[in-house]
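Residue numbers (my numbering), protein chains in the order written: chain F, 3 to 138; chain B, 3 to 138; chain C, 3 to 138.
Any given hint could turn out to be false.
The list makes no distinction among identical chains, and a pair is therefore deemed to hold if it is satisfied within one copy or across any two copies.
Calculated lysine to any residue pairs in the SDA-like style (CA-CA distance at most 20 angstroms, straight line) [claimed, not checked]:
1. K125 - T88
2. K46 - G73
3. K12 - G108
4. K20 - D101
Hints are computed from structural coordinates only; laboratory data are not their basis.
Note that the coordinates shown come from a computational prediction; the quantities given were computed from them, not determined experimentally.
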Amino acid sequence: MTDKIALTPKTHTTPPAKFSHGVKKGNILQVAGQVGFLPAEEGKPPTPAGPTLREQTLQTLANVRAILEEGGATWDDAMMIRVYLTDTGHFAELNEIYDRYFEEQGLTQVPAARTTVYVGLPKGLLVEIDALAVLD
Amino acid sequence: MTDKIALTPKTHTTPPAKFSHGVKKGNILQVAGQVGFLPAEEGKPPTPAGPTLREQTLQTLANVRAILEEGGATWDDAMMIRVYLTDTGHFAELNEIYDRYFEEQGLTQVPAARTTVYVGLPKGLLVEIDALAVLD
Amino acid sequence: MTDKIALTPKTHTTPPAKFSHGVKKGNILQVAGQVGFLPAEEGKPPTPAGPTLREQTLQTLANVRAILEEGGATWDDAMMIRVYLTDTGHFAELNEIYDRYFEEQGLTQVPAARTTVYVGLPKGLLVEIDALAVLD
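Kindly produce the complete structure, drawing on both the sequences and the hints.
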């Protein structure tokens, strides 16, 4: 039997429901939908990194990365990144932020696949990202 | 060669197109997007469990679970649950229903990761859920 | 160490950001969100196959298939197909196109699971599709 392990970075806010921020079983790692919440502070409600797409996207990517690392993975192991935006007008800026971010990550493997769609998100949130990784 | 097996609970309505309600290949099990349709009845069109979020969500989760079980899996094997709602105003109630449901399922492992986004669905449907599971 | 391989059919337009059209690692193959862009032509911007749902869906499916094939897979290996439409009014037509297409593909295994939701897409695009495959 292979256990399913919860991946819960210390910095993360408590999920609003009975789900894990990330799980790993065997060589499969799944990251739950992350948003741009700053590291949790005792007694404060979850707070987005800022009102801009840039601030929220960078914080969201940091949150996804923390979960990958909690499971012993890196961006190099990511197979699929799902990006949920709220406004098609954000696509170009998201791509610019995304590209710059990944250039700085020092990937040694090819980038993950990606799907970007435009959905509704709770008020104040501009981006949500989840990821599927396959470890060695 | 590893066969891909279709998972088709007897209670399920016929899919509206050439897709499987669930498939399993090796240790990977994928559940197609389920909605809150009641068990199929001969000669009747697919009918949602009720007009409320609670009725539809519980029926949808039952429909996902039936497919997991058809493949020899349980909620404990679920890695990722994708929840599609139509209204951000439903988030709190969905979480309450979701938590209560999973408390009653007697999970022995950590809960699956989850992503929740707000999309359009066909008229009358308030929630759609799919799931990825990894078996032992 | 298992390498993650990028799957980039020659016909495909350059992705608008640092992601791969498809990746394969071990027996897992993930296809990025594809739209109905015609085969790339030097010096021309990406152009959809046509304005209709039929034209765009068939081109999108061809684009997904090209990535599967680049990874040594076929539709028979597809476990999950995610269809993003922009209009619930397109569901019946999408299903008719989808069924006809897959009848012509000569599948030897059961069809993949599928989730269809309605989202926003960039102007002019009516459908986006991604896929997860598990190879033998």
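Violated constraints from the hint list, given by number and in increasing order: The structure conflicts with hints 2, 3, although it agrees with all the remaining ones.
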